[in-house]
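Asker: Chain by chain, the residues:
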Amino acid sequence: AQSVTQLGSHVSVSEGALVLLRCNYSSSVPPYLFWYVQYPNQGLQLLLKYTSAATLVKGINGFEAEFKKSETSFHLTKPSAHMSDAAEYFCAVKGSSNTGKLIFGQGTTLQVKP
Amino acid sequence: DGGITQSPKYLFRKEGQNVTLSCEQNLNHDAMYWYRQDPGQGLRLIYYSQIVNDFQKGDIAEGYSVSREKKESFPLTVTSAQKNPTAFYLCASALTGNSFSGANVLTFGAGSRLTVL
Numbered sequence: 012a013q014s015v016t017q018l019g020s021h022v023s024v025s026e027g028a029l030v031l032l033r034c035n036y037s038s039s040v041p042p043y044l045f046w047y048v049q050y051p052n053q054g055l056q057l058l059l060k061y062t063s064a065a066t067l068v069k070g071i072n073g074f075e076a077e078f079k080k081s082e083t084s085f086h087l088t089k090p091s092a093h094m095s096d097a098a099e100y101f102c103a104v105k106g107s108s109n110t111g112k113l114i115f116g117q118g119t120t121l122q123v124k125p
Numbered sequence: 374d375g376g377i378t379q380s381p382k383y384l385f386r387k388e389g390q391n392v393t394l395s396c397e398q399n400l401n402h403d404a405m406y407w408y409r410q411d412p413g414q415g416l417r418l419i420y421y422s423q424i425v426n427d428f429q430k431g432d433i434a435e436g437y438s439v440s441r442e443k444k445e446s447f448p449l450t451v452t453s454a455q456k457n458p459t460a461f462y463l464c465a466s467a468l469t470g471n472s473f474s475g476a477n478v479l480t481f482g483a484g485s486r487l488t489v490l
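Residue numbers (this note's numbering), protein chains in the order written: chain A, 12 to 125; chain B, 374 to 490.
Treat the hints with care, since some could be wrong.
Claimed, not checked - The calculated DSSO-like cross-link candidates involving lysine-lysine, where the alpha carbons are at most 30 Å apart (straight line), are: (1) A:Lys60 x B:Lys382; (2) B:Lys444 x A:Lys60; (3) B:Lys456 x B:Lys382; (4) B:Lys443 x B:Lys382; (5) A:Lys60 x B:Lys430; (6) A:Lys69 x A:Lys124.
Hints are computed from structural coordinates only; laboratory data are not their basis.
In this text the structure is predicted, and so the values were computed from the model without any measurement.
Can you make the complete structure from the sequences, with help from the hints?
Answerer: Below is the structure:
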């Protein structure tokens with residue numbers, strides 16, 4: 012069965028600093044992996060997705076993630092944090108069945124300090 | 374613009390009452406999903422539907438019911454049997470629910486926040 016673990020429920024960085032949000036997955040089949048962002052009291056917006064085409068995936072708003080099979084990781088990074096990046100971030104893996112459903116991690120809240 | 378509309382955005386309910394959350398999409402997506410979000414627990418799947426007139430239980434279906442009479446609509450009823458219904462509810466849709474492709478991305482609505490008084 013697939014599962015996702017996000018390390019750190021809260022991450023705080025200074026504006027302009029590197030953002031690193033960690034995600035490890037467990038999957039018995041080649042995984043499809045996603046990062047979503049959620050602003051307060053809103054739905055989730057897709058940041059990027061890994062579908063086996065390339066291990067380094069670029070997304071919106073300057074975010075990118077690297078798939079590392081040997082480490083079963085899919086960490087999200089951004090070179091320079093903006094105040095507008097403050098939000099909750101979710102890593103997700105597609106379930107093994109053909110139902111399209113996603114399995115989500117617990118989420119990481121990113122705080123950006125001025 | 375195509376998208377998913379959830380209503381109401383905020384809802385208050387007295388204990389013992391059933392409430393229905395609306396989810397409508399104009400994306401012509403076949404598959405629709407309901408997730409529940411609680412602080413620190415991520416999103417948990419309540420029900421999903423891959424096609425009209427068919428739906429399946431997710432991981433936490435107890436105390437909830439759904440219907441899928443139209444392709445564009447997937448309402449969720451929170452019944453009085455749900456012990457702890459206060460949460461943020463998110464509806465999502467995908468082009469197809471019958472695919473192994475990672476390209477089949479979920480699109481989410483803005484959510485409905487239910488509070489039990």
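Asker: Take the hints in turn and mark each one as holding or not.
Answerer: Outcome of the hint check:
1. A:Lys60 x B:Lys382: holds, 28 Å
2. B:Lys444 x A:Lys60: holds, 26 Å
3. B:Lys456 x B:Lys382: holds, 21 Å
4. B:Lys443 x B:Lys382: holds, 22 Å
5. A:Lys60 x B:Lys430: Cα-Cα ~26 Å, so holds.
6. A:Lys69 x A:Lys124: holds, 24 Å
When the structure is compared with the earlier hints, no violation turns up for any of them.
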